[in-house]
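Sequence order for the protein chains is A and B. According to full-length UniProt numbering, the first sequence is numbered sequentially starting from 1. According to full-length UniProt numbering, the second sequence is numbered sequentially starting from 1.
If you are wondering where the hints come from, they were derived from the structure by calculation, not from laboratory data. By construction, the Cβ of each residue, glycine as well, lies at the ideal position given by its N, Cα and C atoms. Be aware that one or more of the hints could be misleading.
[As the list claims (entries may be wrong)] If the Cβ cut is set under 7 Å, some of the chain A residues that face chain B in the computed set are:
#1 I124
#2 F223
#3 L246
#4 L248
[Claimed, not checked] Facing chain A, according to a computed beta carbon distance under 8 Å, are these residues of chain B, among others:
#5 I19
#6 T20
#7 T25
#8 L26
#9 P34
#10 L76
#11 F140
#12 N147
#13 L152
#14 L154
#15 M155
#16 I246
#17 M265
#18 L284
#19 Q288
#20 I289
[Unchecked claim] Using 25 Å as the maximum straight-line C-alpha spacing, the simulated DSS-like pairs for lysine-lysine come out as follows:
#21 B/K161 / A/K57
#22 B/K126 / A/K17
#23 B/K93 / B/K174
#24 A/K15 / B/K127
#25 B/K217 / B/K127
#26 B/K11 / B/K126
#27 A/K14 / B/K127
#28 B/K126 / A/K14
#29 B/K174 / B/K96
#30 A/K17 / B/K127
#31 B/K174 / B/K161
#32 A/K21 / B/K174
#33 A/K19 / B/K161
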Amino acid sequence: MKKEKQKLSRTQLKKLKMKRKVIIWGVIVSFVLIMSFMAPFFLPQDPLETNALMMRKPPSFEHPLGTDNLGRDVFSRLLAGARTSIFATIMLVIFSFIVGTTIGVVCGYYGGFLDDIVMRFTDILLSVPQLVLAIAVAGMLGGSLVNTLIAIGITSWTSYARLARSHAMRIRQLPFINACRLTGTSDATIIMSHVVPNLVGPMLVNATLEIGSTMLNIAGLSFLGLGVAPPTPEWGAMVSESRNYLQLAPWAVFSPAIAILVTVMLFNYFGESVCDLTNTKEA
Amino acid sequence: MLKYSLKRIVKLIPVLIAITLIVFTLMYLTPGDPALQKLTSQGGEVTPELLSEVRHEMGLDRPFIIRYSSWVLNVLQGDLGNAYTDDQPVVPKLMKALGYTASLAIACTLFSVIIAVPLGVYTAIKKDSLFDNIIRIFTFTGNAMPNFLIALLLMFLFCIKIRAFPVIATASLKGMFLPTLALSIPMISRFARQTRADVMSQLSEEYVIGMHARGVKERVILFRNVLHNSAGSIITIVSLQIRVLIGGSVVTEMIFRWPGIGNLMMNSITARDFPVVQGAVLILATLQILVNLLTDLSYFLIDKRISLE
Numbered sequence: 001m002k003k004e005k006q007k008l009s010r011t012q013l014k015k016l017k018m019k020r021k022v023i024i025w026g027v028i029v030s031f032v033l034i035m036s037f038m039a040p041f042f043l044p045q046d047p048l049e050t051n052a053l054m055m056r057k058p059p060s061f062e063h064p065l066g067t068d069n070l071g072r073d074v075f076s077r078l079l080a081g082a083r084t085s086i087f088a089t090i091m092l093v094i095f096s097f098i099v100g101t102t103i104g105v106v107c108g109y110y111g112g113f114l115d116d117i118v119m120r121f122t123d124i125l126l127s128v129p130q131l132v133l134a135i136a137v138a139g140m141l142g143g144s145l146v147n148t149l150i151a152i153g154i155t156s157w158t159s160y161a162r163l164a165r166s167h168a169m170r171i172r173q174l175p176f177i178n179a180c181r182l183t184g185t186s187d188a189t190i191i192m193s194h195v196v197p198n199l200v201g202p203m204l205v206n207a208t209l210e211i212g213s214t215m216l217n218i219a220g221l222s223f224l225g226l227g228v229a230p231p232t233p234e235w236g237a238m239v240s241e242s243r244n245y246l247q248l249a250p251w252a253v254f255s256p257a258i259a260i261l262v263t264v265m266l267f268n269y270f271g272e273s274v275c276d277l278t279n280t281k282e283a
Numbered sequence: 001m002l003k004y005s006l007k008r009i010v011k012l013i014p015v016l017i018a019i020t021l022i023v024f025t026l027m028y029l030t031p032g033d034p035a036l037q038k039l040t041s042q043g044g045e046v047t048p049e050l051l052s053e054v055r056h057e058m059g060l061d062r063p064f065i066i067r068y069s070s071w072v073l074n075v076l077q078g079d080l081g082n083a084y085t086d087d088q089p090v091v092p093k094l095m096k097a098l099g100y101t102a103s104l105a106i107a108c109t110l111f112s113v114i115i116a117v118p119l120g121v122y123t124a125i126k127k128d129s130l131f132d133n134i135i136r137i138f139t140f141t142g143n144a145m146p147n148f149l150i151a152l153l154l155m156f157l158f159c160i161k162i163r164a165f166p167v168i169a170t171a172s173l174k175g176m177f178l179p180t181l182a183l184s185i186p187m188i189s190r191f192a193r194q195t196r197a198d199v200m201s202q203l204s205e206e207y208v209i210g211m212h213a214r215g216v217k218e219r220v221i222l223f224r225n226v227l228h229n230s231a232g233s234i235i236t237i238v239s240l241q242i243r244v245l246i247g248g249s250v251v252t253e254m255i256f257r258w259p260g261i262g263n264l265m266m267n268s269i270t271a272r273d274f275p276v277v278q279g280a281v282l283i284l285a286t287l288q289i290l291v292n293l294l295t296d297l298s299y300f301l302i303d304k305r306i307s308l309e
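Starting from the given sequences, assemble the full structure and let the hints guide the process.
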């Protein structure tokens with residue numbers, strides 16, 4: 001009896017610790033998000049202003065992260081670019097989440113022929129190297145942020161669709177859904193008020209886990225010059241622009257690259273803490 | 001085994017058809033007139049007569065389905081058309097580049113597995129030790145690193161600071177070192193994490209406890225049973241990572257100017273030489289499908305029970 005009590009409190013303690021972790025990372029991530037949206041209003045210098053006298057200057061008091069090959073302040077560009085990089089990532093994750101979940105739920109709930117076709121299609125998309133397809137699409141459409149998002153979006157919804165489908169198939173067979181059907185509730189109502197609320201939790205956890213890799217994909221494409229048009233500050237594009245001056249101005253290359261690394265790590269830590277917490281809840 | 005393989009290969013046919021369709025449609029939907037692009041990329045004056053002549057020559061005035069089927073027939077005969085820029089056949093160019101990409105991919109996969117699997121096993125045994133924690137920080141960081149950051153860091157350290165390597169990778173064993181390392185670091189991170197997780201879950205299985213109780217040596221349990229049982233999921237993650245590797249190789253090849261398919265593809269995108277891009281996507285996608293097939297077949301070799309399904 002006593003032993004059992006101890007064991008219970010230990011798992012509770014573990015859960016509390018996990019909850020605390022989620023809250024800490026959640027606060028940090030929301031802080032980064034808010035900062036990235038507010039940053040363009042607090043820029044120390046104009047991120048687009050070039051200065052021929054200040055080209056490739058190392059970090060100093062005036063320019064905390066130095067200047068790039070056109071004499072622009074790297075720190076200001078980094079702050080201004082945060083919104084583009086993070087906003088694009090979040091948009092793409094939300095888009096894939098909505099499209100993937102909708103398709104997955106419909107396929108999982110109805111099953112049958114439609115389901116077969118869509119699942120075959122996701123199989124095919126999953127068997128093509130994602131980034132290569134995205135590069136080809138973005139390259140052929142021409143580089144712009146929207147085209148980059150389209151190029152990655154073509155394949156990114158598939159993993160959400162598969163996950164949503166498997167959840168919808170499981171939920172469909174639960175007794176309370178049958179009860180709903182017996183009372184004559186329409187399919188649309190069942191899906192919206194019973195199936196979706198029951199799978200949105202695990203889907204959101206998956207989405208938080210995907211933020212990091214989505215950001216890396218976008219950064220990869222914009223590094224290849226397929227993202228935003230040059231003067232606009234964006235992290236991947238900043239690395240790409242300064243890459244030829246690696247020897248003369250390494251700060252201009254590594255500052256945005258490290259900004260990507262740190263942001264991705266934050267999102268990954270947050271995603272993992274959420275995942276840990278929900279797993280213990282189920283167990 | 002033969003029956004299973006045949007079944008798998010037959011299943012590939014619709015996938016291959018779909019891929020040719022995707023690749024072809026991509027080209028079809030591309031904004032701009034291919035005939036005009038071909039003429040402008042070759043230089044010289046473009047007259048309306050010349051344009052319509054080239055359009056007819058390229059079959060652009062025919063309907064989609066006919067163009068697609070004649071393209072597929074050509075592909076089956078190993079003809080991917082001619083490049084816009086120099087009017088030379090695409091296939092030899094792609095094959096030459098494929099050799100470079102494949103050697104990089106093989107070197108990188110081997111290197112990563114050799115480093116990561118022992119690392120994963122060791123950190124699983126010494127869970128929560130100092131070494132485990134240090135490796136965990138490394139793998140977590142490696143996982144979140146954009147691949148251009150790794151490549152540029154290596155280039156900065158080895159080519160600019162130490163000057164041990166030339167900045168432009170020559171197509172030699174020495175030149176291969178840095179691109180391989182750059183591609184391997186994120187792979188090692190993911191493999192090591194996966195291996196550690198698998199071995200740890202195996203170690204808590206009852207058969208391991210039973211073997212311990214019977215006094216079987218730790219080493220025997222680990223190498224004969226645990227590793228064998230985790231092999232399936234390690235192979236899965238390796239094959240999944242090859243997809244990431246193929247994508248990542250584009251960035252790395254471009255940075256080190258390694259003359260592989262990724263580099264060729266980027267140069268062709270810049271030159272708007274789409275037959276080459278089309279061919280590159282087709283070849284990389286086929287490569288990925290072959291890897292998927294080999295993965296499925298290797299599950300069979302590890303665990304004979306799979307064929308019963």
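These are the hints, each one checked on the structure:
no.	hint	verdict
1	I124	holds, 4 Å
2	F223	holds, 5 Å
3	L246	holds, 6 Å
4	L248	violated, 10 Å
5	I19	holds, 6 Å
6	T20	violated, 11 Å
7	T25	violated, 11 Å
8	L26	holds, 6 Å
9	P34	violated, 11 Å
10	L76	violated, 19 Å
11	F140	holds, 7 Å
12	N147	holds, 7 Å
13	L152	holds, 6 Å
14	L154	violated, 11 Å
15	M155	holds, 7 Å
16	I246	holds, 4 Å
17	M265	holds, 7 Å
18	L284	holds, 5 Å
19	Q288	holds, 5 Å
20	I289	holds, 5 Å
21	B/K161 / A/K57	holds, 19 Å
22	B/K126 / A/K17	holds, 23 Å
23	B/K93 / B/K174	holds, 23 Å
24	A/K15 / B/K127	holds, 21 Å
25	B/K217 / B/K127	holds, 19 Å
26	B/K11 / B/K126	violated, 43 Å
27	A/K14 / B/K127	holds, 18 Å
28	B/K126 / A/K14	holds, 22 Å
29	B/K174 / B/K96	holds, 19 Å
30	A/K17 / B/K127	holds, 20 Å
31	B/K174 / B/K161	holds, 17 Å
32	A/K21 / B/K174	violated, 45 Å
33	A/K19 / B/K161	violated, 45 Å
Checked against the numbered hints listed earlier, the structure breaks hints 4, 6, 7, 9, 10, 14, 26, 32, 33; every other hint is satisfied.
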